[in-house]
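Below are the chains, spelled out letter by letter.
Number of protein chains: 2
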Amino acid sequence: MQKAILLIIDGLGDLPTPKTPLQAAKTPNLDRLAKNGINGMLSPIKRYIVPGSDTGHLSILGYDPAVFYCGRGPFEALGLGIELQEGDVAFRTNFATVKDDRVEDRRAGRIDTETASKLSKGLSMKIGNVEIIFRNSVEHRGALVLRGPNLSSNVSDTDPHQEGVLQECVPLEDSWEAKRTADIINRYTEVARGWLSSNPANKGRKLPANALMVRGAGAYAEVPSFFERFKMHGLCVAGGALYKGVAAYLKMDVALVPSATGGLKTDVRAKAEAAAKALEGYDFVFMHIKGCDSASHDGNFNAKKKMLEKIDKVIPILEKSGASLVITGDHSTPVSMKSHSGHEVPILVYKGERNDKIKKFDELSCAQGGLGHIKGKDVLPLILNITGRAEKYGS
Amino acid sequence: MQKAILLIIDGLGDLPTPKTPLQAAKTPNLDRLAKNGINGMLSPIKRYIVPGSDTGHLSILGYDPAVFYCGRGPFEALGLGIELQEGDVAFRTNFATVKDDRVEDRRAGRIDTETASKLSKGLSMKIGNVEIIFRNSVEHRGALVLRGPNLSSNVSDTDPHQEGVLQECVPLEDSWEAKRTADIINRYTEVARGWLSSNPANKGRKLPANALMVRGAGAYAEVPSFFERFKMHGLCVAGGALYKGVAAYLKMDVALVPSATGGLKTDVRAKAEAAAKALEGYDFVFMHIKGCDSASHDGNFNAKKKMLEKIDKVIPILEKSGASLVITGDHSTPVSMKSHSGHEVPILVYKGERNDKIKKFDELSCAQGGLGHIKGKDVLPLILNITGRAEKYGS
Chain A
134 MQKAILLIID
144 GLGDLPTPKT
154 PLQAAKTPNL
164 DRLAKNGING
174 MLSPIKRYIV
184 PGSDTGHLSI
194 LGYDPAVFYC
204 GRGPFEALGL
214 GIELQEGDVA
224 FRTNFATVKD
234 DRVEDRRAGR
244 IDTETASKLS
254 KGLSMKIGNV
264 EIIFRNSVEH
274 RGALVLRGPN
284 LSSNVSDTDP
294 HQEGVLQECV
304 PLEDSWEAKR
314 TADIINRYTE
324 VARGWLSSNP
334 ANKGRKLPAN
344 ALMVRGAGAY
354 AEVPSFFERF
364 KMHGLCVAGG
374 ALYKGVAAYL
384 KMDVALVPSA
394 TGGLKTDVRA
404 KAEAAAKALE
414 GYDFVFMHIK
424 GCDSASHDGN
434 FNAKKKMLEK
444 IDKVIPILEK
454 SGASLVITGD
464 HSTPVSMKSH
474 SGHEVPILVY
484 KGERNDKIKK
494 FDELSCAQGG
504 LGHIKGKDVL
514 PLILNITGRA
524 EKYGS
Chain B
134 MQKAILLIID
144 GLGDLPTPKT
154 PLQAAKTPNL
164 DRLAKNGING
174 MLSPIKRYIV
184 PGSDTGHLSI
194 LGYDPAVFYC
204 GRGPFEALGL
214 GIELQEGDVA
224 FRTNFATVKD
234 DRVEDRRAGR
244 IDTETASKLS
254 KGLSMKIGNV
264 EIIFRNSVEH
274 RGALVLRGPN
284 LSSNVSDTDP
294 HQEGVLQECV
304 PLEDSWEAKR
314 TADIINRYTE
324 VARGWLSSNP
334 ANKGRKLPAN
344 ALMVRGAGAY
354 AEVPSFFERF
364 KMHGLCVAGG
374 ALYKGVAAYL
384 KMDVALVPSA
394 TGGLKTDVRA
404 KAEAAAKALE
414 GYDFVFMHIK
424 GCDSASHDGN
434 FNAKKKMLEK
444 IDKVIPILEK
454 SGASLVITGD
464 HSTPVSMKSH
474 SGHEVPILVY
484 KGERNDKIKK
494 FDELSCAQGG
504 LGHIKGKDVL
514 PLILNITGRA
524 EKYGS
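One line per chain: the protein sequences are A and B, in this order. Numbering of the first sequence is given in this note's numbering, commencing with residue 134 and proceeding in unit increments. Numbering of the second sequence is given in this note's numbering, commencing with residue 134 and proceeding in unit increments.
These aren't lab readings, by the way, just hints derived from the structure by calculation. Worth double-checking, as some hints may not be accurate.
List of simulated lysine-lysine pairs, DSSO-like, C-alpha gap at most 27 Å [as the list claims (entries may be wrong)]:
#: 1; chain 1: A; residue 1: LYS152; chain 2: B; residue 2: LYS259
#: 2; chain 1: A; residue 1: LYS508; chain 2: B; residue 2: LYS490
#: 3; chain 1: A; residue 1: LYS490; chain 2: B; residue 2: LYS492
#: 4; chain 1: A; residue 1: LYS510; chain 2: B; residue 2: LYS510
#: 5; chain 1: A; residue 1: LYS410; chain 2: A; residue 2: LYS364
#: 6; chain 1: A; residue 1: LYS168; chain 2: B; residue 2: LYS168
#: 7; chain 1: A; residue 1: LYS490; chain 2: B; residue 2: LYS490
#: 8; chain 1: B; residue 1: LYS168; chain 2: B; residue 2: LYS471
#: 9; chain 1: B; residue 1: LYS446; chain 2: A; residue 2: LYS508
#: 10; chain 1: A; residue 1: LYS152; chain 2: B; residue 2: LYS453
#: 11; chain 1: A; residue 1: LYS179; chain 2: B; residue 2: LYS471
#: 12; chain 1: B; residue 1: LYS159; chain 2: A; residue 2: LYS492
#: 13; chain 1: A; residue 1: LYS410; chain 2: A; residue 2: LYS443
#: 14; chain 1: A; residue 1: LYS510; chain 2: B; residue 2: LYS179
#: 15; chain 1: B; residue 1: LYS493; chain 2: B; residue 2: LYS446
#: 16; chain 1: A; residue 1: LYS159; chain 2: A; residue 2: LYS443
#: 17; chain 1: B; residue 1: LYS443; chain 2: B; residue 2: LYS384
#: 18; chain 1: A; residue 1: LYS251; chain 2: A; residue 2: LYS384
#: 19; chain 1: A; residue 1: LYS471; chain 2: B; residue 2: LYS136
#: 20; chain 1: B; residue 1: LYS471; chain 2: B; residue 2: LYS159
#: 21; chain 1: B; residue 1: LYS508; chain 2: A; residue 2: LYS510
#: 22; chain 1: B; residue 1: LYS492; chain 2: A; residue 2: LYS492
#: 23; chain 1: A; residue 1: LYS471; chain 2: B; residue 2: LYS443
#: 24; chain 1: B; residue 1: LYS510; chain 2: B; residue 2: LYS159
#: 25; chain 1: A; residue 1: LYS179; chain 2: B; residue 2: LYS168
#: 26; chain 1: B; residue 1: LYS453; chain 2: A; residue 2: LYS508
None of the values given here were measured: they were computed from a predicted structure.
Whenever a hint applies, use it, and build me the whole structure from the sequences.
Okay, here's the thing in structure tokens:
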């Protein structure tokens with residue numbers, strides 16, 4: 134049966150200044166697919182709603198975030214390979230440099246991953262009857278999980294989100310569970326500060342990683358798997374922890390591509406080859422490339438354009454796989470705004486659909502495309518349809 | 134932060150005969166904005182649903198009429214500056230000429246506003262424990278409010294809606310409250326007839342305003358304010374009472390522009406200047422121009438075309454304000470139909486969105502536009518997005 138690759142180019146959509154990066158970039162392969170396929174515009178959630186990275190992906194993968202979104206923390210933890218249990222409360226974390234309770238650097242001087250890994254040893258522990266699991270990821274990033282009875286995710290961040298005072302964790306609802314969870318986080322924060330401050334791995338660092346800040350609490354709850362819902366064995370090929378986490382949440386398998394870093398220097402070719410090869414064992418590949426979004430957040434038009442050209446070069450690898458291709462983004466991140474926006478994202482569908490008169494894959498061309506304007510929730514039904522997997526409704 | 138003006142041209146959309154008024158009119162300024170902005174088609178409520186003036190505006194202003202529509206009466210009362218209280222039952226009213234219980238003229242010979250104001254004195258009163266507040270507006274028009282315990286808006290109109298017998302108000306549900314409300318309206322109708330018949334202001338009138346007819350009962354209920362929901366301080370610039378009433382219902386401020394009459398001779402320039410100036414103190418201006426709808430109801434193609442050209446001339450005032458502009462209608466009123474219709478309305482968005490290849494602002498061009506086909510409920514999210522005010526959903 135026909136298989137499919139869904140390629141999400143993070144932060145793909147942009148605004149014209151006077152051209153968009155996608156208009157300015159040389160992308161002969163994407164343009165050929167646009168010409169031979171069908172094109173349109175996608176609202177990942179709803180028209181003009183600004184998607185988060187987590188909610189945008191959930192929606193495009195067929196999981197309405199209004200029903201299935203449980204906060205950012207669990208996705209980060211799952212993306213780091215922590216196996217969550219029902220009721221676990223998970224947070225994103227940052228190593229930070231704190232002096233007299235003031236956060237001097239939210240990333241501890243963008244600490245290197247190796248040093249962060251050394252510091253991490255000893256940051257998992259038990260407080261009362263609650264098990265605390267910590268795992269670091271790239272540079273200052275990591276995830277923290279609380280496991281035990283009577284916990285609540287309705288607690289505040291200790292991360293001030295900008296330079297400022299390290300916050301106390303407070304309950305956001307009037308419940309014993311939220312109060313107890315906030316107390317545990319505050320006690321853990323103290324213990325971690327002690328452990329980190331005296332840690333030899335911090336020796337000589339101008340900006341020592343002497344605190345661990347948490348944010349984005351979410352309580353994990355199991356959801357129906359991607360296979361249960363769409364009857365396709367799915368694989369995720371991604372660099373960033375969040376995207377792997379979203380896939381793990383849906384119980385997709387996650388590929389190990391060591392050179393896929395999630396940065397601008399990620400090995401796009403290795404990812405494309407992994408995606409194409411995976412079709413031997415999988416029906417569906419969700420492939421994610423982060424670089425364009427990072428370039429947009431930095432306001433770097435040229436870096437976004439170059440990343441698009443780099444992606445374009447490996448498109449033939451996906452094409453040769455014989456799979457149906459759906460290529461789009463999880464949201465727009467206009468370089469001029471340096472943030473996610475609610476503008477639509479171009480989408481391209483190759484094989485299994487009709488074609489249209491569009492010859493270039495960009496925001497303006499796709500707005501004239503034969504697909505019209507669709508929503509995230511339409512993407513999986515589209516894929517089931519073009520691969521001949523859709524079941525008849527009625528008889 | 135970027136601000137926005139939403140210009141609603143009432144009854145804007147039309148059908149081709151063989152051109153639409155918007156195609157026939159010379160509108161170089163609207164066309165320039167169409168060329169430099171992005172265009173599409175708007176269904177104010179849902180595809181092919183014929184909007185009322187009240188429900189169309191509610192929907193475009195982000196208030197689903199299925200949830201927030203409380204009947205026409207309260208909007209008219211609010212538009213006349215009556216401060217409503219929770220549970221008040223309000224009606225639209227007409228001064229009429231009645232002979233032997235037959236309505237001879239539903240508008241009492243389109244009585245002048247000055248005479249109507251004289252007659253109005255003494256029409257507010259108390260019946261039992263119910264306070265009755267009457268206020269006249271332009272010509273024969275006015276609003277009546279019942280205030281007191283145990284009232285219901287589920288009662289019929291006394292207005293026969295065409296020449297015929299003055300109706301008795303009857304309860305439309307089997308409740309004591311509806312029965313009591315109908316009784317009060319019937320007693321009030323008698324008292325008002327007596328008062329008006331013997332009123333010296335009616336002396337010498339061939340068609341005396343000797344009765345007050347009610348219709349469109351609605352019970353007022355407070356709704357979350359526009360500011361609460363969209364975090365923008367909003368101002369309404371309109372002539373007609375209904376539109377001011379919709380704005381007051383959402384707790385927007387309402388501008389006083391004495392030369393804005395809501396008719397074909399309204400001072401469009403004064404309105405545009407008021408809208409542009411208001412941006413000093415407001416984030417959002419809802420500007421309403423009624424004339425095109427009135428011309429359509431009269432089946433007057435040329436008057437509609439001329440009104441569009443008059444509006445076009447003041448577009449540069451809005452443009453120069455620097456605000457993002459969204460220009461559309463609350464519904465189509467095809468001249469050939471002389472009534473509201475469910476046809477889509479063209480919409481134009483200038484600044485903060487992408488552009489497209491459209492060069493003329495009319496029904497046929499906009500249907501090819503880059504925005505595609507959107508709904509009333511998309512308009513406020515669109516405005517929040519293009520002004521950089523939209524909050525991310527998720528993280």
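How the hints compare with the structure:
The hinted pair formed by A/LYS152 and B/LYS259 fails the criterion: a straight-line CA distance of about 67 Å is larger than 27 Å. Straight-line distance between C-alpha atoms of A/LYS508 and B/LYS490 comes to about 23 Å, which keeps the hinted pair within the 27 Å bound. Under the criterion of a C-alpha separation no larger than 27 Å, the hint pairing A/LYS490 with B/LYS492 is consistent with the structure, at around 20 Å. A distance of roughly 18 Å separates the Cα atoms of A/LYS510 and B/LYS510; the hinted pair therefore holds under the 27 Å criterion.
Note on A/LYS410 and A/LYS364: the hinted pairing holds, with a Cα-Cα distance of about 20 Å set against a maximum of 27 Å. The hinted pair formed by A/LYS168 and B/LYS168 meets the criterion: a straight-line CA distance of about 26 Å does not exceed 27 Å. Our distance criterion of 27 Å between C-alpha atoms is met by A/LYS490 and B/LYS490, whose separation comes to about 15 Å. Note on B/LYS168 and B/LYS471: the hinted pairing is violated, with a Cα-Cα distance of about 31 Å set against a maximum of 27 Å.
Proximity of B/LYS446 to A/LYS508 is assessed by CA-CA distance (about 38 Å); at most 27 Å being required, the pair is judged violated. At roughly 24 Å between alpha-carbon atoms, A/LYS152 and B/LYS453 fall within 27 Å of each other, so this suggested pair holds. Of the pairs offered as hints, the one joining A/LYS179 and B/LYS471 is violated, with about 35 Å between alpha carbons and a cut-off of 27 Å exceeded. In summary, the hint linking B/LYS159 to A/LYS492 is not supported, as the alpha carbons are separated by about 34 Å, beyond the 27 Å threshold.
Distance hint between A/LYS410 and A/LYS443 is fulfilled; the C-alpha atoms sit about 20 Å from each other, no more than 27 Å. Distance restraint check for A/LYS510 and B/LYS179: the Cα-Cα separation of roughly 20 Å lies within the 27 Å cut-off, and the hinted pair is therefore satisfied. Taking the CA atoms of B/LYS493 and B/LYS446, the gap is near 15 Å; set against the 27 Å cutoff, the hint holds. Using a Cα cut-off of 27 Å, the hinted pair A/LYS159 and A/LYS443 holds, with the two alpha carbons roughly 10 Å apart.
A distance of roughly 30 Å separates the Cα atoms of B/LYS443 and B/LYS384; the hinted pair therefore is violated under the 27 Å criterion. The hinted pair formed by A/LYS251 and A/LYS384 fails the criterion: a straight-line CA distance of about 30 Å is larger than 27 Å. Restraint check: the Cα-Cα separation between A/LYS471 and B/LYS136 comes to about 19 Å, which is no more than 27 Å; the hinted pair holds. Proximity of B/LYS471 to B/LYS159 is assessed by CA-CA distance (about 23 Å); at most 27 Å being required, the pair is judged to hold.
Using a Cα cut-off of 27 Å, the hinted pair B/LYS508 and A/LYS510 holds, with the two alpha carbons roughly 18 Å apart. About 21 Å separates the Cα atoms of B/LYS492 and A/LYS492, which keeps this hinted pair within 27 Å; it holds. The suggested pairing of A/LYS471 with B/LYS443 is violated, with an alpha-carbon distance near 40 Å, which exceeds 27 Å. Using a Cα cut-off of 27 Å, the hinted pair B/LYS510 and B/LYS159 is violated, with the two alpha carbons roughly 30 Å apart.
Our distance criterion of 27 Å between C-alpha atoms is met by A/LYS179 and B/LYS168, whose separation comes to about 26 Å. Taking the CA atoms of B/LYS453 and A/LYS508, the gap is near 35 Å; set against the 27 Å cutoff, the hint is violated.
Of the numbered hints stated above, those contradicted by the structure are hints 1, 8, 9, 11, 12, 17, 18, 23, 24 and 26, listed in ascending order.
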